[in-house]
Every structure is written in C-alpha cells, then in structure tokens.
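Going line by line, the protein sequences match chains A and B.
By this note's numbering, the letter at position 89 of the first sequence is numbered 89, and the numbering carries on one by one without gaps.
By this note's numbering, the letter at position 250 of the second sequence is numbered 250, and the numbering carries on one by one without gaps.
No wet-lab data here; the hints were simulated from the structure.
Glycine included, C-beta positions come from ideal geometry on N, C-alpha and C.
Relax, there's no trap hidden among the hints.
Simulated DEER-style distance windows between Cβ atoms:
| # | chain 1 | residue 1 | chain 2 | residue 2 | range |
| --- | --- | --- | --- | --- | --- |
| 1 | A | 199 | B | 97 | 36 to 46 Å |
| 2 | A | 180 | B | 132 | 35 to 45 Å |
| 3 | A | 129 | B | 176 | 31 to 41 Å |
| 4 | B | 97 | A | 16 | 31 to 41 Å |
| 5 | A | 94 | B | 7 | 22 to 32 Å |
| 6 | A | 44 | B | 199 | 13 to 23 Å |
| 7 | A | 11 | B | 186 | 48 to 58 Å |
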Amino acid sequence: MEIPESVKKRLTLPAEEHFYAGHTACQGCGASLGLRYVLKAYGRKTIVVIPACCSTIIAGAWPYNTLDANLFHTAFETTGAVMSGIEAALKAMGYKVKGEDGVMVVGWAGDGGTADIGLQALSGFLERGHDAVYIMYDNEAYMNTGIQRSGSTPYGAWTTNTPGGKRHFLEKRHKKKVIDIVIAHEVPYAATASVAYPEDFIKKLRKAKEIPGPSFIQLFSPCPTGWRSPTDKSIEIARLAVQTAYFPLFEYENGKYRINMPSTRREPKPIEEFLKLQGRFKYMTREDVEILQRWVNHEWEKLKKLAEVFG
Amino acid sequence: MAEYKPIRKVVSGNYAAAYAVKHARVQVVAAYPITPQTSIIEKIAEFIANGEADIQYVPVESEHSAMAATIGASATGARAFTATAAQGLALMHEMLHWASGARLPIVMVDVNRAMAPPWSVWDDQTDSLAQRDTGWMQFYAENNQEVYDGVLMAFKVAETVNVPIMVVESAFILSHTYDVVEMIPQELVDEFLPPRKPLYTLTDFDNPISVGALATPADYYEFRYKLAKAHEDAKKIIKEVGREFGERFGRDYSDMIEKGHVDDADFVFMGLGSLMGTVKEAVDLLRSEGYRVGYAKVRWFRPFPREELLEIAEKVKGIAVLDRNFSFGQEGILFNEAKGALYGTGARPIMKNYIVGLGGRDFTVRDVRAIAENMKAIIESGKLDREVEWFHLKR
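Full structure from sequences and hints, please.
Encoded structure:
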C-alpha cells in the first residue's frame, strides 16, 4: 500500500517494510516488533543470523519466510561465530561491510542464546572486532522452549523451572548484566533499547551501523505468554521498565556513557508499577519486592555515576 | 593446458595441507589450535603474513566456533577451510551436522588423534570415524602427497555435490613427518580448481534467501533423502575428479579403494590411512617370500565404496581388516562397515578384524607379517580362531 506523502512526512520511523505480515509470533510479542524495526532501519542489504529462539519460528517454516532479507538460521550457541564468518567472507569477496551503503550483518538472538549458551561466541565476536551488530532481544527467559529461566531472568520471576510453589522456589538470582559484560570488551558501541521507544531504537541501530567494529544492542522485548501479562499491555510494560529504571536506556560509545532516558530528570517510579501488570511476579513477597527494588536502585545509581564520571 | 612440471618440496603432512589450502585459493579460514593440527593453521597464518595468500583468517575462541564461522563464510559464498583433531572435532560435532544439512562445500583436515581420557595426542582413527553419520564425506590420506592431493580434490568434489569433506591424516606419522611432496604450479591448480560458483549465496540482496528454516514432518524427510542421494551421486564425481587429477598430474585417484595384487591374492589387508603404507611395504616383502597376499586401501570411507569392496570380496578367500579405531560394545568400525556392505551379496570371504595401533601404538612390518601368518593358517584350515583380535595386547 502506498503511503500518502502527507502521512509520510509525519512518520517518525522509516516507512519501508521488510518484515512481512502473517508471521507466527504470539499476540503482543515484543521480539517480532523489534525485528521489524531492525529491518526498517537496515533494509534489504542485510544478512540476519538467527540461532534457536522464538524468531526461528517467527521467521516461518520452510518454504515460507517472514523476512525480506537474507537469513541464516544457526545453532543455539553460534550467533557470534557465524556472524564472524559471514563478515570475513564478505570482506574476502570484496563487499563493503557496515557504514554507508555497506552490507549489514545482524545477529538476532534471544537472552538465553546470548547471556547463557552463546556468551562465548559473543565474547569472541566482540573481542576480535568484527564489523557487525549483535542484537540481544531480551524477554528474560527461554520462551521458545516454554518459559524456563535464563541468566537474564530477574529476581522474583516465576518460570516453569522456578515455579513458586509451597517452598517458594522462585528465581532468586538477579538479572545477569550482559551489557556490562559486553562493555568490558571495550567495544566501540553498545546500547540498551526498548520496543516501547522505537525512535530511540532506530537511532541506535543507525549508530550501530555507522560506527566501525562490533556493536551490541540489548533490546527489552516483552513476552505476554511468558510474563503472564495481557497482550495489549506489552508497550506499557516496556515503558514502565524504563520509567522504573529497571531497564534504563543508555549508550556506551567510544568509552563514554550516556543515559538517554525519555526523562532523566524525573525520579524513577517504584518497581511495583512494573511488576503489577505481570503474572510472573505474583509469587513475590513484600521482602522479595524490596530486594528487587534495592537491586534496581543500586544498578541505577551505578549507571548514573558511570555517566557522570565517563560521560 | 600448460605442461605440468611439479614443484618438489620436503614438507610435513600438515604443511602439505597448508600448501594445498593456499593453492586452492581458499578465501576464509577459521580455526583453533590443537595438537597435532596446529602447524596447519600456523603455516597458513605465515602465508598471510608474508603476503603469499589472500585469506581472511578468523582466530576463533573454540573449535565449535571454528566450524560455525566456517559455515557462515561458506554460506555467504566464500571457499572456506578449517582443520582440527580429536577433542576439537568432537566439540564441532553439532556443527558438522549443520554444515552438511545446509549443503555447504567446506573442506576440513582432521588429524587423527586418540580421544581422551587417558590423554593422548597420538594417532587413532576413532575421532573421525565417530563422525561418520554427520553427513560429511571422508577421505583418508596414506602419506603427505595424498594430504596435498586430497585437499585439492576435496574442494572440487565438495563444490560439485554441495557436501562437506573431511580430509583425514595421521597424527605425527604424517602430520609432523617430512617427506617429498610434488606440488602443482598455481596456474595449473587454477585450471583444475576454478573459483567456487555457489548455487546460492547470502549476498543476492535483490532475491533474499533463508537457509536452514524449520521443516515440518511434511518436508524434513525429503531434505534427508537429498543429502543421502548427494552422497550416492558423489561416487561418480569422486571417480571423475580422481581420474582428471591423474590425467593432469599423474596420480590417479579414480578408485575409491586402492588395490594391490587383489587378482592373485588368497587374502588382502584392508585399512585406512597411513597404516596402509606399512602394509604395502610388508606386502611386497611377503610376496617375495611366496605369500599370496594383497591390499585394499580404503581412500573414501564416506560415501562407502561398497561396489568396489564387493569386487574385491568376490576375488579373495579372506580379508584381514585392520582397524586403528574401535566402536565399544561392537568391533572395529571399518570391519563392521565392510561386513555390513557384503551381507546379502554372494561374496563370503573369511573376515577377521585386527585392532591395531590405538593411541599411536607402533604398527610395523613385523606386525603385518604376524597377521599374515595368522590369516594364512585360518584360510588353510577354514577355521576362524576369533572374529576380533586385540593384536598388540600385553599378556
């Protein structure tokens, strides 16, 4: 469908679409929105690498394909390594990689495939300095296998292998800070983003393309199925994750931190605001909520300090 | 065609592999160090450092990633290579399936090394043979020359049938032992092996493709059949490429099993790789002493040359299968495969399995003679003393 010019000039996101309708994501899926934005930002001159994750299914069973871009499906733990090989081959074959008019190599992996099983390959990819962007879409558990905890699952969350119950067997470890592990590699560009703030995400995707070397974006992607939340609340939940400073938006660019919250002046909302819309947190006691709040406060203060000292 | 004048170099098996990679104009190498493979990738790195080879070299953080990166490079459209041994090959196992399933013509050298524990860095074929069901073709080199020739032919065969190939050589016996290798001038290699022309790449941005998508039970089966058929079809290609190699460079590889004195032998020794060099030496000696013996050196283990095996089995009274490997709870792997291939045919030679040389235990001409005496007695009496013999066992 042709978009009228009058509408086009008011759009804050690219009008072009390279992610087809008719994909097989659940209602209210943050990941499918995220992938749509990635392809809007990068267009067809893109090679996407998808390991085992929800997007394996979302991309469609053979012979169907949701993506209007080259796609290589790969094994769970190999995203970083396969990206490295693709980038090396493109260079060997004489292609311009990254930058203006360059080919974009995009890794699109879930939190399990990044924080856990794929961490080694990610580290290798970052450390060797390949020209490509790795995007971790973070829905905070192994959703494709049916909601099991990952290293990126937050304190207090119900999952099918931290099921609550009489013994209060909930997730008792705080969320692994993958972005901090990435930054420890002193990459040229790393950022957090959220599907609730698509303009910010697209801006970061473009930066990730312009800046040479490896880029990393951790994208907060609500999962109504796994979070036991209403399918029409995904954006609201993602926005609250930012507003409560549970998932702050920031960039690390050439050694400098910059917090890019929609409003950096306002004090974060209490974490309950974020928790109460999601059934996965219903087993949390008052003490659990306090423990999580303290962690959020601590991480937020740390980030502000980093932005102050290395801003 | 320019006149072929070989360049003779004294090199190790590993350097022979590295020279073949250079001459094949490989574009991407992703690899991880492991004894006794490492000198292959060191030599390749040296070629790059000296400006002798234009290769993108990815020094990955594990063998699993080595195979994954090689897969990414090959899917993109480049000619890609890696090398490994033993534990490294086992770590790659998952991705070996990925390479063949995605129909990528990757060539890899595996330096046969014993699996741990106990730790061992010495020759043993169980590492590569344990990968027999991954959909890779396997070529076993007897000597350094065959390592060099094998890598060059492997690229041609792999890129014709879109199936990856493992070129296998022995730890230390070949990998670190120097021998004369006749190398082919670059322009003649280029004539034999032109640049890769992939059917599909990830770089057609006007017609994007998806590789490896989910296949439901309605389709998966046919994907498997196509890979199975590719292996069967590869037999013809292997013979053609082997014949062409012989016509161009004087070393004919049109037989998937190299045969010696089969026509007038009572029994033959059958085996894979470098130990067959020892066997060939011994067979000459034994024949001069009146033994009616021959040999059958299995060059290609996958696809398995069942037709050629049958021809041999129909001619001889016995086959002594030498396995430098073992499948626990069963028997030597080549022995098991050979018996299976002959079942249902008319050929019924007496077959005995000798487990030899595991973990680099020396296998000598004297050992071949002892086996020959044992086989001779078995054939004369018509009675098999035992089916599987752990030949070197300390008693």
